[in-house]
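A.B. asks: Starting from the known structure of chain B, fit chains Z, C, E, L and P onto it as the hints suggest.
There are 6 protein chains.
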Amino acid sequence: MVEYENASSEVRHIYDEIMQTRQTDYVNNFWRALAHDPITLKRTWESIKQIMAPGALDPLTKELIYIAVSVTNQCGYCIASHTASATAKGMTPEVFSELMAVIGMANETNRLAAGYQVEIDARYKPV
Amino acid sequence: MVEYENASSEVRHIYDEIMQTRQTDYVNNFWRALAHDPITLKRTWESIKQIMAPGALDPLTKELIYIAVSVTNQCGYCIASHTASATAKGMTPEVFSELMAVIGMANETNRLAAGYQVEIDARYKPV
Amino acid sequence: MVEYENASSEVRHIYDEIMQTRQTDYVNNFWRALAHDPITLKRTWESIKQIMAPGALDPLTKELIYIAVSVTNQCGYCIASHTASATAKGMTPEVFSELMAVIGMANETNRLAAGYQVEIDARYKPV
Amino acid sequence: MVEYENASSEVRHIYDEIMQTRQTDYVNNFWRALAHDPITLKRTWESIKQIMAPGALDPLTKELIYIAVSVTNQCGYCIASHTASATAKGMTPEVFSELMAVIGMANETNRLAAGYQVEIDARYKPV
Amino acid sequence: MVEYENASSEVRHIYDEIMQTRQTDYVNNFWRALAHDPITLKRTWESIKQIMAPGALDPLTKELIYIAVSVTNQCGYCIASHTASATAKGMTPEVFSELMAVIGMANETNRLAAGYQVEIDARYKPV
Amino acid sequence: MVEYENASSEVRHIYDEIMQTRQTDYVNNFWRALAHDPITLKRTWESIKQIMAPGALDPLTKELIYIAVSVTNQCGYCIASHTASATAKGMTPEVFSELMAVIGMANETNRLAAGYQVEIDARYKPV
Chain B
1 MVEYENASSE VRHIYDEIMQ TRQTDYVNNF WRALAHDPIT LKRTWESIKQ
51 IMAPGALDPL TKELIYIAVS VTNQCGYCIA SHTASATAKG MTPEVFSELM
101 AVIGMANETN RLAAGYQVEI DARYKPV
Chain Z
1 MVEYENASSE VRHIYDEIMQ TRQTDYVNNF WRALAHDPIT LKRTWESIKQ
51 IMAPGALDPL TKELIYIAVS VTNQCGYCIA SHTASATAKG MTPEVFSELM
101 AVIGMANETN RLAAGYQVEI DARYKPV
Chain C
1 MVEYENASSE VRHIYDEIMQ TRQTDYVNNF WRALAHDPIT LKRTWESIKQ
51 IMAPGALDPL TKELIYIAVS VTNQCGYCIA SHTASATAKG MTPEVFSELM
101 AVIGMANETN RLAAGYQVEI DARYKPV
Chain E
1 MVEYENASSE VRHIYDEIMQ TRQTDYVNNF WRALAHDPIT LKRTWESIKQ
51 IMAPGALDPL TKELIYIAVS VTNQCGYCIA SHTASATAKG MTPEVFSELM
101 AVIGMANETN RLAAGYQVEI DARYKPV
Chain L
1 MVEYENASSE VRHIYDEIMQ TRQTDYVNNF WRALAHDPIT LKRTWESIKQ
51 IMAPGALDPL TKELIYIAVS VTNQCGYCIA SHTASATAKG MTPEVFSELM
101 AVIGMANETN RLAAGYQVEI DARYKPV
Chain P
1 MVEYENASSE VRHIYDEIMQ TRQTDYVNNF WRALAHDPIT LKRTWESIKQ
51 IMAPGALDPL TKELIYIAVS VTNQCGYCIA SHTASATAKG MTPEVFSELM
101 AVIGMANETN RLAAGYQVEI DARYKPV
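Residue numbers (the numbering used here), protein chains in the order written: chain B, 1 to 127; chain Z, 1 to 127; chain C, 1 to 127; chain E, 1 to 127; chain L, 1 to 127; chain P, 1 to 127.
Hints should not be assumed to be uniformly reliable.
Note that the list lumps identical chains together, so a pair holds whenever it fits in one copy or between two copies.
In silico SDA-like cross-links for lysine to any residue, where the CA-CA straight-line distance does not exceed 20 Å [what the hints assert, rightly or not]:
| hint | residue 1 | residue 2 |
| --- | --- | --- |
| 1 | Lys89 | Met19 |
| 2 | Lys89 | Arg123 |
| 3 | Lys125 | Ala80 |
| 4 | Lys89 | Asn6 |
These are calculated hints, taken from the structure and not from any lab test.
These numbers were taken from a predicted model, which means no experiment stands behind them.
Same shape as in the complex, but just chain B (with noise of 0.2 Å):
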């Protein structure tokens, strides 16, 4: 892992930035696996950046859906760390519950509507 004090003044300017927008003096593990490869760190940093801003949907619902793509894909990394910034971002244990639920719920159907070879409704075919 690239630390700090070892990296070029690139990769320091966007760790500079990762710590400045989450208003935190820690950069965590996967931007220094990431940094060995400047490019794709500062292409994944920007879209991160873009992608996870406020917008029509709020901070802590893009966790949320950070955290159901991460669990459905057994991301023991990424299902950590979201599910600790998600928490930073004021998530509770109901909403945790609830999530985990949904999450579950859904990978079941998903396997249930493929089994029984469901048909899509034409009334939910878009257009």
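C.D. replies: Frame of chain B, contents of chains Z, C, E, L and P only:
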């Protein structure tokens, strides 16, 4: 698929409840396929009814999470039906766009985290 | 797709073996598509023939496991073809219903275990 | 994790039922983690109890299907716990070997079918 | 889908760049669907343009990797479009056959490794 | 795991072939775990040997494809072992970086294509 006219009273009762809860006169293909197994129909409907009811998360946010799971799993039926449900519950084109962007990005970084074999930061580990 | 009439003798030999083993005069699309690559056709068929033969598990149970994997992966072709095979081998509607229920539940609890970041119990770890 | 001593009477009741149904004095981590949300604990346990009970399929076959899903999804916790359950229910090394072989092969041919873009045979389509 | 005639100048500019970069007069459905959200269209195109450009890996090898991911995820659209792109970039039937064989085998051994709960060899762990 | 000293002559023969083919004196955990089932060990090794041999694709490119599948599936063991194999076969840091970028992007656009319910362009459909 089991049509209302040919359904047992047990299945009809669930169809009635689905239509009443959702304030519609349409029972979609998923339930009519599941109705071949009244036990699974009943259990799945009761779980869905409980999980998708308003709580710490509002019904639209729950639909967005459902879509996130379904898109990650490439479940065509579920994507179509829950996109329709979310739209009926007020999902705007702006919300849809941001939802898709977050889902896409999460699926990307899930793989970067795995491929770079990133270890979970000590501070993200559950106590 | 490679039809019997146009197939090389090498491919015809495998088609013959498929029809004989399965006691049918029909070679399904999967094999006719694979026949563009006789090496993969041969290796895949020989593996399938060995793996799906009666052993400690009977052929129907093996088909049920095949369906469980195919449904979890959302593979439309495989779901359709192995549901047909399982039915031909005696899968009743009751067995199908229970199979679907187990597949759905396993997909649900797989995500609950991941999302709650449950650690493996000491007693479940391989020695 | 919620230990028996600190659990509410509602949670204790479910722990008791789990231990009684499984004829053990051990409640595994999955349930103790889920107990933070008694509603999900109760719904999940009641679904599992209903689904995994003997029926058209025997309990061991149901465990094998559970393992097939868990392995396909790369769920470490679920693989470990259901392999232990299956072993307790009589899974022999021979059954385990054949199970693994079928799971592996199904995951392989699922991708060959997708990559070769094989169309579903008319005779395999649901009526 | 957003057609060129009805597109904003911002979207047209990206369509022009896609056609120029790929030396074609056709903009495929993926981009025309994404154009409903010009921000995601722009970010996705600029990322793709950067990532798929010749570098340490040649463009055809990058397409093969794209196909490997798409087949593993069972994404029908992506399999069809990237198989077409790879063919246009010189993928021979022999390369396609070997690609499919490797994808299939990797999906198989991924599950054997998981199901047998194989621990990572000390020498394979990242330093 | 089955060690060489305790292995049957049948298993030893395969261990010898693995070490000879790979020009190493190390048999990794995957094979030693699989050796509990000599039939699967033999079939898997012979398939791997055939598929990963130089052909229309060179061995390094095949390893890159293996990594793409393993990362998409979140298989920790396979990511670690095939990253080591690819490095031994000459994968440079630049190739690794580009590989990761393509895998990440493909996983992202796979979901955009699914979520936007993009239809396959007529020209991309297999004839």
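A.B. asks: Tell me, which hint numbers fail for this structure?
C.D. replies: 4
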